[in-house]
Structure formats: structure tokens, C-alpha cells
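Colleague: Residue numbers (my numbering), protein chains in the order written: chain G, 1033 to 1076; chain Y, 9 to 418.
Heads up, a few of these hints could be off.
[Stated by the list, open to error] One side only, chain Y facing chain G, incomplete, derived with CB under 10 Å: (1) GLY10; (2) VAL66; (3) GLU92; (4) PRO96; (5) LYS137.
[Claimed, not checked] Here are the computed distance ranges between Cβ atoms for each label pair: (6) Y/GLU206 - G/LEU1049: 49 to 57 Å; (7) Y/PRO268 - G/ALA1043: 46 to 54 Å; (8) G/MET1033 - Y/ALA294: 27 to 35 Å; (9) Y/GLY237 - G/LEU1039: 44 to 52 Å; (10) G/PRO1052 - Y/THR101: 29 to 37 Å; (11) G/ALA1043 - Y/GLY195: 28 to 36 Å; (12) Y/ALA362 - G/PRO1052: 54 to 62 Å; (13) G/ILE1035 - Y/GLU206: 48 to 56 Å; (14) G/ALA1046 - Y/ALA78: 40 to 48 Å; (15) G/LEU1049 - Y/SER418: 46 to 54 Å; (16) G/THR1050 - Y/PRO96: 37 to 45 Å; (17) Y/ALA78 - G/LEU1039: 19 to 27 Å; (18) Y/GLY359 - G/ALA1036: 53 to 61 Å.
Source of the hints: derived by calculation from the structure; they are not laboratory data.
Computed from a predicted structure; not experimentally measured.
Beta carbons are placed, not taken as given, at the ideal position from N, Cα and C, and that holds for glycine.
Residue-level listing of the chains:
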Amino acid sequence: MIIAAFLAFGALLAAWLTAPAERHRPAEVTPQPMVELAAEAQAA
Amino acid sequence: MGTIDSGDTAWLLVSTALVMLMTPGLALFYGGLVRRKNVLSTIMHSFFILALVSVTWVLWGYSLAFGPDAGLGLIGRLDWLGLEGVGPAPSATYAPSVPHLAFVAFQMMFAVITPALITGAFAERKRFKAFVLFSVAWSTLVYAPIAHWVWSPDGWLSHLGILDFAGGTVVHLASGVAALVAALMVGRRMGLLESATEPHDVPMTLLGAGLLWFGWFGFNAGSALGANGVAAVALVTTNTAAAMAALTWVTLSWLHRGSPSVIGAAVGAVAGLVAITPAAGFVTPAGAILIGSGVGVVCYGASLLRLRSRVDDALDVFAVHGVGGAFGALATGVFATVAVNPAGRDGLLGGNAAQVGIQLLGITAVAAYSAAATAGILLLVNLVVRIRVPREAEEAGLDVAQHGEIAYQS
């Protein structure tokens, strides 16, 4: 049971190590989405 | 092995829940202090650690911190890996009137909030992935050994007679020093020297401070490990020191800047809570007033010095937790009295000047180890994944860049 528990956590750790560091590539990261959302909210 | 006392057990379980609430409270406290583009990432740091350390504590953290000594009083053995052999019966070593698992859970919440405190230092610029790896490593390699030194009966500082009722050194000094090291190594936020960063939601910070104050009753009074007179002393001294430090900080800001700062009231209360933490069950309410007053002055000065130094410890973790924790630990050596707690020791004012020396040794050892180990961990993590987010991500804000979400629609 304890070994299985360690394996379950180890799987998470492995996933974190291999996961991308950013959700977006740097070029895609701009404040634009927030600006657009704010404009939409004001229009509404 | 002791017999379970229902009153003690009930109080410790309730205290565990109170301390658990401190971490979301810390998330709001920090979240309000950052810019709106980083509020989710800041809150996520604390919330994620609540889940992360809850699991690592069960798997190996508790055994390293509180397990039978591996030798020299430095760290626990792995006998209780996965909490094997730890159950509803009381421990022969810790809190003999409550189930061992209740003690495990109570200590778990301390282990959770300690690395969460550090996150205020690198807010608005640390990569989430690096934060996760750092938090696992820090709670394992820094928190667990220091907790063993101070709170295990076999710990080397415990053997020397250090007084730390609820974690002035283990929790606050260790995390405060780590925060300073992290701030230095991660570097300043972009544009900090050109323009100031204003807190985006002061009411959120006040709400967080209120939750911290509320939860701190469990943190300190719960550390009596029983529903008894020492718990009552700790609760009163905790509230008194928080109140006095808040009053002091607000007064200083009023005199210094011309207005009574609202954020100052919140930060001052937290500084008072930090300083009374090592002393709560060892000093009188009058002693708590002096400790609260003193830490208000000292931490206010430390935060001003930090501003002048240009070290970007973004949310003043070192000035409040590092300096406040050291001040409280030292003050414990001055004001402690066995009249309040026969299981404690007298301090300087009780004729035991040597206690101040023991407290100083403990402060030095904890600060030095935390600084060195934190620096080592950050260097290693940086080899796996860059600690700092790219410039574009910092400009856009970590909420979008790291989590793909935003906090506010308008």
C-alpha cells in the first residue's frame, strides 16, 4: 500500500518535471486577452 | 503510552482546522498586495502548497521531522514512512493525551504554511514549475530537519534547551531567511526601480490578515497540545501581541508618513503574531504587550531598510517573518517564566541569562542553515528549469502566462 502511494505521488512528480514551463509560447504571451476581455465587459 | 483525553483531542483537532485556514488566509493576504495581473498566481502558490505538502508530509515529511532520531539530533529516521505504525493510539513521545494521528495532522499544517510564507518573496516573477520543485525540496531538506532540531526531544537544539513554543525559529525565521535568499537569487521585478508597484486589493489583504489572526489561535494555543491553562495563556498572549504590534505599526506610519496606514495595521498585526509565536506559552500577557510593541518598531524599521536596500523581497517576508521570528525567539529568552508554564524555563528577567545565549545560538543555526540550504536548492532547481519567467511573461502577468486564467473580467 505504501509503495503504491509513493508511486502515485512519483507519477505526479514525473508529470511536473516533464510538463511545459509555460502554457503559451513567449510570443503568444501578451496582455491583449485581458484588454479584449475588459473592452467586452465594458461594452456589455 | 498515555490515555486519550477527549478535551485535549477536541482542541487539537479544532486547532488543526484553524491552522489549515491560515494558508488560504495567507493566500489572500499576499494576493491583495500584488498587482491584479498576478493575483491568481500568488494565491495559487499558497493553495497548491496546501495540497502538495499535505501529501509529502504523510509520505516522508513527518517521519523526517518527528521520527526517531537518525543520529546527532539532526533528522528523524524513516521508520514512519507513509505513516506506517502511526495510528489512533497516542505517541509515547509526543502529546501523550491525544491520538498520534491528531498530532501528525496538527504538525502537517505547520509544515504547509512554512514554505507558503516564502512565496511572498518571489511573487510576480517565479515560474510555477520551479516553485513546485523548490517547495518539495525545501519542505524536505530545510523544514523537516529544523523541526527535528527544535521539536524532537532528541533534536540537538532541543537538548540545549531552546524555547520555541510554536515555531518562531522553525517556521518564521527559517522561511524569512529563505525568502531573503530567494529574493536575492531570483532578482528584482522588471521596472521596479522606475515605478512603484501598488497593492491591487487592500480589502483582500485585510481579509487575509483577519483569517491569519483567527487561525493563529490554533497555531499558538493549539501548541499547548491540550485544552489547559497553557493554551489559555497562549491564546491571550497571541491576541495581545498582535493587537499591540498593529497599534504600534499604525502609529509609526502615522507619525512617519502622515497617515495611519491600513496595510500597516494588517502587516503590523502579522508581525506581532510572528513575534509571539515562540513565546506564546512561556510569557505573561504583560510580556506580550512588550513583545508586540518591540516587534512593531523593529519590523517597521526592517521594512524601511528593505526598501532602501532595493532588495525585492516583494511582500516583505524577511522583514516581518525573518526579523520578527528572530526578535520573538530572542524575546522569549528574556521574558519566559516558569510561573506561566512549569514545563518551560525562566528567561533573563527570571535570572536565567544563559537562556538568551541558547536562543541566540538557535537563531544563528537556523538562519545559517536555511540560507545555505535554500541557496543550494535554488541553484539545483535552476538547472532543471529556469526559476524566473521570461520577460514577456512577466510583462503580461503570471496569471495569463503561467496559468492561462485571469482573476477579473473587468
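Colleague: Each hint needs a verdict: does it hold in this structure or not?
Modeller: Against the structure, the hints:
no., hint, verdict
1, GLY10, "violated, 27 Å"
2, VAL66, "holds, 8 Å"
3, GLU92, "holds, 6 Å"
4, PRO96, "violated, 17 Å"
5, LYS137, "holds, 5 Å"
6, Y/GLU206 - G/LEU1049: 49 to 57 Å, "violated, 36 Å"
7, Y/PRO268 - G/ALA1043: 46 to 54 Å, "holds, 52 Å"
8, G/MET1033 - Y/ALA294: 27 to 35 Å, "violated, 52 Å"
9, Y/GLY237 - G/LEU1039: 44 to 52 Å, "holds, 47 Å"
10, G/PRO1052 - Y/THR101: 29 to 37 Å, "violated, 45 Å"
11, G/ALA1043 - Y/GLY195: 28 to 36 Å, "holds, 33 Å"
12, Y/ALA362 - G/PRO1052: 54 to 62 Å, "holds, 55 Å"
13, G/ILE1035 - Y/GLU206: 48 to 56 Å, "holds, 51 Å"
14, G/ALA1046 - Y/ALA78: 40 to 48 Å, "violated, 28 Å"
15, G/LEU1049 - Y/SER418: 46 to 54 Å, "violated, 37 Å"
16, G/THR1050 - Y/PRO96: 37 to 45 Å, "holds, 39 Å"
17, Y/ALA78 - G/LEU1039: 19 to 27 Å, "holds, 25 Å"
18, Y/GLY359 - G/ALA1036: 53 to 61 Å, "holds, 56 Å"
When held up to the earlier numbered hints, the structure conflicts with 1, 4, 6, 8, 10, 14, 15 and fits the remainder.
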